[in-house]
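Asker: Quick note, the sequences are listed as chains A and B, same order. To convert, note that position 39 of the first sequence is 38 in numbering that gives the first Met the number 0; the numbers rise steadily by one, no gaps. To convert, note that position 302 of the second sequence is 301 in numbering that gives the first Met the number 0; the numbers rise steadily by one, no gaps.
Hints are computed from structural coordinates only; laboratory data are not their basis. It is possible that part of the hints are untrue.
Calculated cross-link-like contacts (lysine-lysine; reagent style DSS-like; alpha-carbon spacing at most 30 Å) [unchecked claim]:
| id | chain 1 | residue 1 | chain 2 | residue 2 |
| --- | --- | --- | --- | --- |
| 1 | B | K159 | B | K57 |
| 2 | A | K5 | B | K160 |
| 3 | A | K5 | B | K159 |
| 4 | A | K77 | B | K295 |
| 5 | B | K4 | B | K106 |
| 6 | B | K106 | A | K21 |
| 7 | A | K5 | B | K207 |
If you want the building blocks of each chain, they are given just below.
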Amino acid sequence: MDNSSKVREFVVENFLFGDGEKLRDDTSFMEEGIIDSTGILELVFFLEETFGFSVEDDELVPENMDSLQNIARFVGRKMNAGSTAEA
Amino acid sequence: MEFHKDILKCDSKSEVEHICAFIQQQVRAMKRGGIVIGLSGGIDSALCAALCVEALGKDRVFGLILPEKESNPVSAEYAAKHARELGIETETVDITPTLEAFGTYRKRDEMIRSVFPEYSSESKSKITLPADLLSKDSFNFFTLKIDDGKGNVKSARLNKKALNGIVAATDSKQRTRMMHLYYYAEMKNYIVCGTTNKTEVLEGFFVKYGDGGVDIEPLSHLYKAQVYQLSEHLGVIREIIERAPSPDTWSFQVSDEEFYFRIPYDKLDLLLYAWQNDVPVEQVCETMNLAAEQVKRAMRDFNAKYNATKHLRQLPPTLE
């Protein structure tokens, strides 16, 4: 399963009770009320556990977390930064 | 659409009459002899008490002061002073033993220690949302801040388990107060007066079956700015009018803005009014001298909090 699919599956299972039919890649979690103040903490925990990086407080912004496509870009940047640092 | 900086100003005299008629009507409808009100030392309960005295007379209003060991000591002092000026009967009940018996402090502190193992009985704690939403965008996530009692402050973003545990334990403070209010209300055959204002109702800033567990809500149509206006009109004491609004449920002092709203009250109420009345963003920007991005951010936050707290404003759903 690729990274985007893992995130989608997590969001659908944990915040949409398994019903992801209307969840598009650009659906805003904030606008649609999908993720609240505890939901964001669950999402961050999932990202840190699944992809092995730390999410800083100042990264908890809509640009990084407000939709599946934003998360996919954020995860990509973090993974690249990690591999660059390792190299 | 009409929208200007004074849009929330009301005719104090007629608004007081309007609320007093409501209080009289509700006490009559519930066939009770008077009203019990929890006096927190804050402006909302102070105004409610003053309105109840206007509506029913001082002999039919009973004030209950319910401090606990983590309350700001001036809260009970201000509450008692305001009650004396109103001439109402009061009783002070320290709810600390009830909270200790329930395990409020122990349960909360266990959760805090899962984040900060060094947290001790001398330490103070609070939780906050990111500051200043209008200047910097971010999700609503809670941070735990502790003070070791010597001014050394540490903070950490909370995980879900710790957040839920801390909130669940702390909310028992408001629910314990509700239990005491109903004890006295039933003893006296009175109703219980709520103190939640419109700003708090819309954003879900109250505890279900805590401070939200009441018989009537005389302020729920008034924004906080209007609460201040009527408080001035009815002569609420200066100490209460001038103190910063705070939930007063955390040992490490925290303001309403820091804990939940993320926007200063002077802007919050106008933005909430604009949100509720669909005032065009451009008009809000022009009136309040804000950028479109700031206004949209505030509106998005109102939507998020309103939707996330819908269940707090509902009666339990039932089958037909």
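Asker: For each hint, tell me whether it holds in the structure or not.
Answerer: Against the structure, the hints:
no.	hint	verdict
1	B/K159 x B/K57	violated, 46 Å
2	A/K5 x B/K160	holds, 22 Å
3	A/K5 x B/K159	holds, 20 Å
4	A/K77 x B/K295	holds, 28 Å
5	B/K4 x B/K106	violated, 45 Å
6	B/K106 x A/K21	violated, 40 Å
7	A/K5 x B/K207	violated, 36 Å
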